[in-house]
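There are 2 protein chains.
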Amino acid sequence: MLQEANAVTKDGLGLVVTKEFKFAEPPGELPLDCGEKLGPITVAYETYGELNREKSNAILVLHAFSGDAHAAGWHEGDSKPGWWDEMIGPGKAFDTDRYFVICSNVLGGCKGTTGPSSVDRATGKPYGIDFPLVTIPDMVQVQARLVDHLGIGRLLSVAGGSMGGQQVLEWLVSFPERVQSALVIATAAKHSPQQIAFNEVGREAIMSDPNWNNGQYYDGEQPVRGLSIARMVGHITYMSDASMAEKFGRRTGGNGHARPFGRGFEVEDYLHHKGLTFVDRFDANSYLYITRAIDDYDAGKGGTLAAAFKGLEARVFVISFKSDWLYPSYQSADIVRACKKAGVDVSYYDVSSTYGHDAFLLEVEEQSVLITSFLRKVTEEGEGI
Amino acid sequence: MLQEANAVTKDGLGLVVTKEFKFAEPPGELPLDCGEKLGPITVAYETYGELNREKSNAILVLHAFSGDAHAAGWHEGDSKPGWWDEMIGPGKAFDTDRYFVICSNVLGGCKGTTGPSSVDRATGKPYGIDFPLVTIPDMVQVQARLVDHLGIGRLLSVAGGSMGGQQVLEWLVSFPERVQSALVIATAAKHSPQQIAFNEVGREAIMSDPNWNNGQYYDGEQPVRGLSIARMVGHITYMSDASMAEKFGRRTGGNGHARPFGRGFEVEDYLHHKGLTFVDRFDANSYLYITRAIDDYDAGKGGTLAAAFKGLEARVFVISFKSDWLYPSYQSADIVRACKKAGVDVSYYDVSSTYGHDAFLLEVEEQSVLITSFLRKVTEEGEGI
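Protein sequences, first through last, are from chains A and B.
The letter at position 30 of the first sequence is residue 15 when you use the numbering used here, and the numbering goes up by one with no holes.
The letter at position 213 of the second sequence is residue 198 when you use the numbering used here, and the numbering goes up by one with no holes.
Please keep in mind that the hints were generated in silico from the structure rather than gathered at the bench.
The reader is advised that the hints may include incorrect statements.
[Claimed, not checked] Here are the computed lysine-lysine pairs in the DSS-like style, where the Cα-Cα straight-line distance is at most 30 Å:
1. B:Lys362 with B:Lys307
2. B:Lys326 with B:Lys295
3. A:Lys362 with A:Lys295
4. A:Lys307 with B:Lys307
5. B:Lys362 with A:Lys286
6. B:Lys295 with B:Lys325
7. B:Lys326 with B:Lys259
8. B:Lys232 with B:Lys295
9. B:Lys22 with B:Lys7
10. A:Lys259 with A:Lys232
11. A:Lys295 with A:Lys40
12. A:Lys326 with A:Lys295
13. B:Lys232 with A:Lys325
14. A:Lys295 with A:Lys307
15. A:Lys232 with B:Lys325
16. B:Lys307 with A:Lys232
17. B:Lys259 with B:Lys65
18. A:Lys259 with B:Lys22
19. A:Lys295 with A:Lys232
20. A:Lys307 with B:Lys295
21. A:Lys286 with A:Lys259
22. B:Lys325 with B:Lys232
23. B:Lys259 with B:Lys286
24. B:Lys362 with B:Lys325
25. B:Lys110 with A:Lys326
26. A:Lys259 with A:Lys65
27. A:Lys286 with A:Lys232
28. A:Lys232 with B:Lys40
29. B:Lys40 with B:Lys362
30. A:Lys232 with B:Lys326
[What the hints assert, rightly or not] Ranges between beta-carbon positions, derived for each pair:
31. B:Gly138 with A:Lys307: 48 to 56 Å
32. B:Asp133 with A:Arg266: 51 to 59 Å
33. B:Ala291 with A:Ser332: 42 to 50 Å
34. A:Gly234 with B:Glu206: 34 to 42 Å
35. A:Pro245 with B:Pro245: 29 to 37 Å
36. A:Cys19 with B:Ala230: 22 to 30 Å
37. A:Ala107 with B:Asp204: 53 to 61 Å
38. B:Lys307 with A:Asp330: 31 to 39 Å
Idealized CB from N, CA, C, for every residue including glycine.
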């Protein structure tokens, strides 16, 4: 396995490690949107490339719902690299020969950053659903503390797709002066009822699993079936009608998934496999908290996005994908319209793809050209790096 | 309630009752697609209007997944009429002053026709998942026995939407000589992997509910939460992004659905309500069997639909709805193409609507005009009624 990894990484970042940053805001806790305070907070993060002397080449990459800090390179012994490895590395779109790339796991997550599976110092047990309700703005506040810690004032760019794109929007709203440019990919300024509805099915599946046990399952059986169902729904929405037809057609299943009757189809086996493997790498309570944060988020804060973007000096690039029906292109076009109305320098590209929402992870070639060119423009026309 | 019902029914069909037809094929059982035999079989059905002397004015209406034999008129004490009441009645599209309309509950159902909740004579207990695997062609065989029983040789028309539309296709394939015309609405000749995937999420939610108990729950607690989740998924797919946005927007919820944290949105309350009320009227095992039959169905029987339709003399009218993403218009267009290739007399209309798949139940006005005109043509150009 490691040999294979090493072979593949020859022209990539090679081995990387996840680091930890702990902070305790005086008087020891971070004030959250919900009014509660939380601390100390641990942030899991990775960095790739070198920060230049002027500290002007830092790009913050923000992960999607089930992503983590491990965006690129290889962890020792792993059989695959970070989730956006094809985009981040020497000579790639986020060129680590030029840029210093940072990625951290979100607040509320389960990949090293404080979340509902972390131990609550008050009880000595995992928080479970006593974890406070965290929001996309809270996640961004935590990221800002990490950027402070790394000694960076202004980011050359913030970039992310899906939930990561929501965080990009929130960086623009919360810290406009700290963002020189923004890559807003396959996202929405606020969720539609259809997007909320799919997430609610997932939440309900988890909470209906008796093993969920009102969020305290860390000592016992995990809510495996509920979380698996949630992930099955997710996977349908990440693909497209066309990409599913191409990948599975109506080939019959039967490999690896026992059924009480009927033979079933390959697509069913695939969903079960995806559901059950997800359970090994994700915490059910994080699923609840993070989807709630995504659903609740409104970049316009109840008003218009154009008003929220008023006076913004960052250069913005919005990318969507034609077959993405979970985050349809019209939601990206809405963001573009708001930018224009607010006088923000914005570009937009609607990429032809049959991959559905997954396209932001899979359409490497076209995105690479677009992002490379955008970042060049930003550095050349801006203060330079 | 009854007063209200009576007031509304003044110009409709008034009170109707569901009838029963029992049959026992010699030697007592119906051979099924799966190779097993089943019998005796009870069929719940309703009829509206009068069969003419020539028995040439009969229209068989076929219900969708969660429908039943009660297509029109009012049951004593009910607060709402049958599921297609706006389309069936005196002066309506399926004009009961002209036509004799029949609707029956499908085999495998839970509304009076033999299904997994029926008592197995061999054990004296409900079949549960010992019920044989039934198919769309099996359902149509049972309907044909009912039509025989009513003394009707050839049907003026067979009509149905969604799963009902699959049955219409199967009538054309299994009994081409018994069908003068066909109304194929919002359906597919075979399910795509995306359609199968959504159904599999529902099945998995039901079977993951500990109360499902391998299909034997009739004496105890029903798998309420699992079936409710299945229905929640269904409802998302029946609506459209646009119709959900219009109906719910991002209005916050909180009425009637308790949450462990967060306030949630009105769309979530709606889905929970729809899920929990569905449980009162539908059997979880029927959900499993019927969705399996829908997913397995292929009108072309593994070959092309055009080949299956070769020589067909029925006049066919295909209707789809532009915002229906569960049964997208291209699937209807595929049926039309197959008809043309087979030399079948086919018309097609893609109705503008924002209602999504639900449009076949909600777009009454436009469908009425289309269907009225189609049935007039069939009777005028055909043998007359």
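Here's how the hints hold up against the structure:
{"no.": "1", "hint": "B:Lys362 with B:Lys307", "in the structure": "25 Å, holds"}
{"no.": "2", "hint": "B:Lys326 with B:Lys295", "in the structure": "9 Å, holds"}
{"no.": "3", "hint": "A:Lys362 with A:Lys295", "in the structure": "23 Å, holds"}
{"no.": "4", "hint": "A:Lys307 with B:Lys307", "in the structure": "17 Å, holds"}
{"no.": "5", "hint": "B:Lys362 with A:Lys286", "in the structure": "57 Å, violated"}
{"no.": "6", "hint": "B:Lys295 with B:Lys325", "in the structure": "10 Å, holds"}
{"no.": "7", "hint": "B:Lys326 with B:Lys259", "in the structure": "42 Å, violated"}
{"no.": "8", "hint": "B:Lys232 with B:Lys295", "in the structure": "44 Å, violated"}
{"no.": "9", "hint": "B:Lys22 with B:Lys7", "in the structure": "16 Å, holds"}
{"no.": "10", "hint": "A:Lys259 with A:Lys232", "in the structure": "14 Å, holds"}
{"no.": "11", "hint": "A:Lys295 with A:Lys40", "in the structure": "27 Å, holds"}
{"no.": "12", "hint": "A:Lys326 with A:Lys295", "in the structure": "9 Å, holds"}
{"no.": "13", "hint": "B:Lys232 with A:Lys325", "in the structure": "29 Å, holds"}
{"no.": "14", "hint": "A:Lys295 with A:Lys307", "in the structure": "28 Å, holds"}
{"no.": "15", "hint": "A:Lys232 with B:Lys325", "in the structure": "29 Å, holds"}
{"no.": "16", "hint": "B:Lys307 with A:Lys232", "in the structure": "25 Å, holds"}
{"no.": "17", "hint": "B:Lys259 with B:Lys65", "in the structure": "16 Å, holds"}
{"no.": "18", "hint": "A:Lys259 with B:Lys22", "in the structure": "37 Å, violated"}
{"no.": "19", "hint": "A:Lys295 with A:Lys232", "in the structure": "44 Å, violated"}
{"no.": "20", "hint": "A:Lys307 with B:Lys295", "in the structure": "37 Å, violated"}
{"no.": "21", "hint": "A:Lys286 with A:Lys259", "in the structure": "35 Å, violated"}
{"no.": "22", "hint": "B:Lys325 with B:Lys232", "in the structure": "39 Å, violated"}
{"no.": "23", "hint": "B:Lys259 with B:Lys286", "in the structure": "35 Å, violated"}
{"no.": "24", "hint": "B:Lys362 with B:Lys325", "in the structure": "19 Å, holds"}
{"no.": "25", "hint": "B:Lys110 with A:Lys326", "in the structure": "68 Å, violated"}
{"no.": "26", "hint": "A:Lys259 with A:Lys65", "in the structure": "16 Å, holds"}
{"no.": "27", "hint": "A:Lys286 with A:Lys232", "in the structure": "40 Å, violated"}
{"no.": "28", "hint": "A:Lys232 with B:Lys40", "in the structure": "49 Å, violated"}
{"no.": "29", "hint": "B:Lys40 with B:Lys362", "in the structure": "18 Å, holds"}
{"no.": "30", "hint": "A:Lys232 with B:Lys326", "in the structure": "28 Å, holds"}
{"no.": "31", "hint": "B:Gly138 with A:Lys307: 48 to 56 Å", "in the structure": "51 Å, holds"}
{"no.": "32", "hint": "B:Asp133 with A:Arg266: 51 to 59 Å", "in the structure": "57 Å, holds"}
{"no.": "33", "hint": "B:Ala291 with A:Ser332: 42 to 50 Å", "in the structure": "47 Å, holds"}
{"no.": "34", "hint": "A:Gly234 with B:Glu206: 34 to 42 Å", "in the structure": "39 Å, holds"}
{"no.": "35", "hint": "A:Pro245 with B:Pro245: 29 to 37 Å", "in the structure": "32 Å, holds"}
{"no.": "36", "hint": "A:Cys19 with B:Ala230: 22 to 30 Å", "in the structure": "27 Å, holds"}
{"no.": "37", "hint": "A:Ala107 with B:Asp204: 53 to 61 Å", "in the structure": "45 Å, violated"}
{"no.": "38", "hint": "B:Lys307 with A:Asp330: 31 to 39 Å", "in the structure": "36 Å, holds"}
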